[in-house]
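Engineer: Chains A and B supply the protein sequences, listed in that same order.
In case it helps, our numbering puts the first sequence at residues 1 to 555.
In case it helps, our numbering puts the second sequence at residues 556 to 1110.
Each hint should be verified, as a subset may be incorrect.
[Said to hold, decoys possible] Under 7 Å between C-beta atoms, here's a sample of chain A residues computed to sit facing chain B:
hint : residue
1    : Gly-46
2    : Ala-343
3    : Gly-356
[To be verified] Covered, in the sense of this in silico footprint (three residues per stretch, anywhere, with C-beta under 8 Å from a C-beta of chain B), are these stretches of chain A:
hint : stretch
4    : 183-196
5    : 307-317
6    : 322-332
7    : 402-408
8    : 415-422
[Said to hold, decoys possible] Estimated spans, in silico, between C-beta atoms of each pair:
hint : chain 1 : residue 1 : chain 2 : residue 2 : range
9    : A       : Gly-260   : B       : Asp-1061  : 47 to 55 Å
10   : B       : Asn-757   : A       : Lys-151   : 48 to 56 Å
11   : B       : Lys-611   : A       : Ser-487   : 24 to 32 Å
Bear in mind the hints are in silico, worked out from the structure with no lab data behind them.
Model, not experiment: these values are computed from the prediction.
We put the CB at the ideal spot given by N, CA and C, even for glycine.
2 protein chains.
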Amino acid sequence: MKPKRIIIIGAVASGTKTAAKARREDPDAEITLITEEAEISYASCGTPYFISDIIKDGNSLIIRDPDYFRKMLNVDVLTEHRAESIDPETKRVEITNLKTNQSLILGYDQLVLAVGASPNTPDFEGVGYGNILTLHNIPSAMHIKSLIRQKRVKNALIVGGGFIALEMAESLIAQGINTRLIIRRDQILSNFDKDIALLVQNYIKAKGVQVLEEDEVGEFKADADGNVANVITKKQTVPAEFVLLATSIRPNIQLAKKAGIEIGPTGAIHVNEKLETNIPDIYAAGDCVETTHLITGKSVWIPLATTSNKHGRVAGINITGGNDTFPGILGTFVVKVFDWTIAKTGLSEKEAVKNGFETETIIVPANDKAHYYPGSKRIIIKLIAEKRSGLLLGAEIVGDGVVDKRIDVLASALAGKATVEQLSKYDLSYAPPYSSPMDPVITAANVLLNKLDGKTSSLSSIETKVKLDKMDDFILLDVRSKPEHDSGHIEGCLHIPLNELRSRIDELDKSKEIVTYCGVGLRASHAHRILKNEGFEDTKFLEGSMAVWPYKIEK
Amino acid sequence: MKPKRIIIIGAVASGTKTAAKARREDPDAEITLITEEAEISYASCGTPYFISDIIKDGNSLIIRDPDYFRKMLNVDVLTEHRAESIDPETKRVEITNLKTNQSLILGYDQLVLAVGASPNTPDFEGVGYGNILTLHNIPSAMHIKSLIRQKRVKNALIVGGGFIALEMAESLIAQGINTRLIIRRDQILSNFDKDIALLVQNYIKAKGVQVLEEDEVGEFKADADGNVANVITKKQTVPAEFVLLATSIRPNIQLAKKAGIEIGPTGAIHVNEKLETNIPDIYAAGDCVETTHLITGKSVWIPLATTSNKHGRVAGINITGGNDTFPGILGTFVVKVFDWTIAKTGLSEKEAVKNGFETETIIVPANDKAHYYPGSKRIIIKLIAEKRSGLLLGAEIVGDGVVDKRIDVLASALAGKATVEQLSKYDLSYAPPYSSPMDPVITAANVLLNKLDGKTSSLSSIETKVKLDKMDDFILLDVRSKPEHDSGHIEGCLHIPLNELRSRIDELDKSKEIVTYCGVGLRASHAHRILKNEGFEDTKFLEGSMAVWPYKIEK
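The shape of chain A in the complex, shown without the other chains:
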């Protein structure tokens, strides 16, 4: 039998993974990797750490070089070669050698498009000036690092509020650069709920990042050398000798489109579970394809390295005659920003509502380890569930404690279609250096269960702030001790410590709505249940209470 000819276009994550897996499955196939870039198999996710010098050596971001693929895996690697077009009829790819400008044509039996995504460059006036950059590969990271090393950047502006924006904000602040971040809306991390995003926003501000909220770049102004010097925004003018454009990215679909490959509703390449496109023997994998969201069942385009690597395995198996499927994603995400970890899996509350779910949610602050164990830190968990069924829909977790473990437990729970009730009984590990006997995830599930069971009602910080701003006629009841109350409280609250609540209950008007609050929500919830049992009909507790209150505190 003639060996299979496999061509893989793109050689970062999914492309190289596909090649390596295909080789293990089929020792005889002729495998060719084609990429416009000079490097292959590099870790884009590591670039912010290279820029901040946490990773000293840029080469360590290169996982495998072309030589490894040639010698160890017998894979032909064409770097600095651009695939110009694909002819599905004759099963041939037209390629340009970018070093020599020569054309070559290669035939394939199976083709994999692993062409990734690219940053969008918004068409701001002056966007072509020097030192207005994007971060998307090793050369762009080198460029930014050398720019910073020249020490001529005093002020930087980051356009966007997503995870690359946040990682780079940390990186720039760490290097003593006056760093601004400009966002169109009033919150960073637009795929997070506002109550959680505001906590992160307050945190990065405390770390020195200036956040220009509800603002937009109007025009860039350059110095005499043609390098960016100032930015005129909708609201102000700020100095910036370096601008990072981190607004959004788009899938690279030009080549696919030209070949007649179906583009899905999200604007990325559409594939089935086997990663086949609509054209026989053409597969697509990684950042250029859309996939199914496991909670909504809808097509989504959420490019992540984790998906790309899994895709590589699936594509590698299928193009060599095997049978593997990729069921879809939860969009699980984690990012380190200064000492905080910010993570999400499944749907946010607003995404759940948008997708037609009736939701019940909770925010619970908890210690990441036994509270008495040195180094125990706080994390803040938001759980989102379907009201009717109690099915878990998603979670967001932030804080300076161990967040990633909990988001992975929740991602696993979502994969198993767990209800909040089932989650509350999970047998998670415990010893004092790792958790509490009731892991924070389980505590959060229990608190949400009380709501789902109709035993408690609560409000989020944002809902409470809206009531305060509207001057609603309600009692905001601080049930902490006097010293706690005096050290800082929400303006306009009434103060009755929890242990005096029963004896002073007559001070409260039963006809009024009462919202209780405390330090983290535990005493507030207890007070709320006491009031409910005493016949107060309209009472709620403030979720997470002072621990998650993102607004002004009165002293």
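Let chain A serve as the given structure and place chain B on it in line with the hints.
Structural biologist: Below, chain B without anything else, positioned relative to chain A:
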């Protein structure tokens, strides 16, 4: 309506949790907590860290004091009171006040037995001498700590090889004490598979713990003051001015037995999912009860703080008229020993086999973070699956990297009855400080999937050692580079680097069994597949290879 009278006997984890939950559910109930001890609601799991001075203040181990229960929760707390007997007919408990020796009788509507477990004291000769102790509560921890502080302990002997034994070994070594650990068998951690336990055993030996294997205490010898001075074992005599008995514990069932409460096949109190005993209105919770193993469906007694706390919630809800259930456990377990974390969930391979499962297993070493991110460390994962269905049955993970996150993901996967295939597609979080794009759990699942799919075959270190010891006629093939081979290899191996394997394949005898090995198993598995494809019929790779080889290395 008259308020419910609730009596809870036992006031550590499940007892206090039951009381607190019952109070939130029923504001009017008369709740009484009874305990023989002076403290309530303390964290036994923290005592080794108190002894090693990681936790300075013993009071921080007390989570809530009786005052909190009285004032904040309106729960009556009788410390230093012993429940002598229960009369289910008249629904009364006879109690002795241990301070005054007076008797009192209390009636109940609902009773909860949360009486815990106690260490077994083996009947060795001389076991009554001074400084032969167990560790089971705050006073016993105080006793041990003060003994060590007097600096008269130069040598310590720990009897047993379970997690308290290991935690205490670390604690004693940290305080400069010559520490021996004596075990009857040839492995510590008897609920772990030997291939994993041996890695931990080698590690603690490297940390200075002397492990007396396949040995037993015969007799203790005392000094002139009646304190232990020497221990005569089956094999040797060792000095010991302090002996910790950490062999085993047993559920406290005397009170239950006397009252006619059913004891289950494990020797612990039998309860249903609602935590009801066979006697109406008597519940039992925590360390004194047996529960269902979620993988085998059988009754097990695995006392853990996590279960006790969950039991407290379930019992608290049910005794106040609600309806909650506890489905069972996986026995998920984690312990820190020096810089290693040792964890398990579900069944070990030997437990799975014992329970009638035909298993397929794998051992995979992996980095806990992106390999280029500073501080990335190694963990070693063993997965156990059912061969026929591919259902995950259990996992063991050890190493100095982040182990607890992965065991919790696997515990969640087990809760969702995931197959290895499903696990391999889990959407876990990734950023360089937290994981690799393919989390170690997913990599391990993929490697096991290759075995389940019949694409690869492998041997464990122990299986390979048995073959070597039996002088089996097989080729042990080292496929690493020459420098790697020369720096240390398994005796009797043949050496052909992976990149020379194809060209030198004629050097290998096709009729022989070939076991390949490398650094961590990746190249070995690749070599194995090359050989298989070249028509070698009996080839396997050594799982985890040198990274998990617990035996002598030849240089």
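Engineer: Look at each hint and say if it fits the structure.
Structural biologist: Structure-based check of each hint:
no., hint, verdict
1, Gly-46, "5 Å, holds"
2, Ala-343, "6 Å, holds"
3, Gly-356, "22 Å, violated"
4, 183-196, "violated (count 0)"
5, 307-317, "holds (count 5)"
6, 322-332, "holds (count 6)"
7, 402-408, "holds (count 5)"
8, 415-422, "holds (count 5)"
9, A:Gly-260 - B:Asp-1061: 47 to 55 Å, "48 Å, holds"
10, B:Asn-757 - A:Lys-151: 48 to 56 Å, "50 Å, holds"
11, B:Lys-611 - A:Ser-487: 24 to 32 Å, "26 Å, holds"
Violated hints, in rising order: 3, 4; the structure is consistent with all others.
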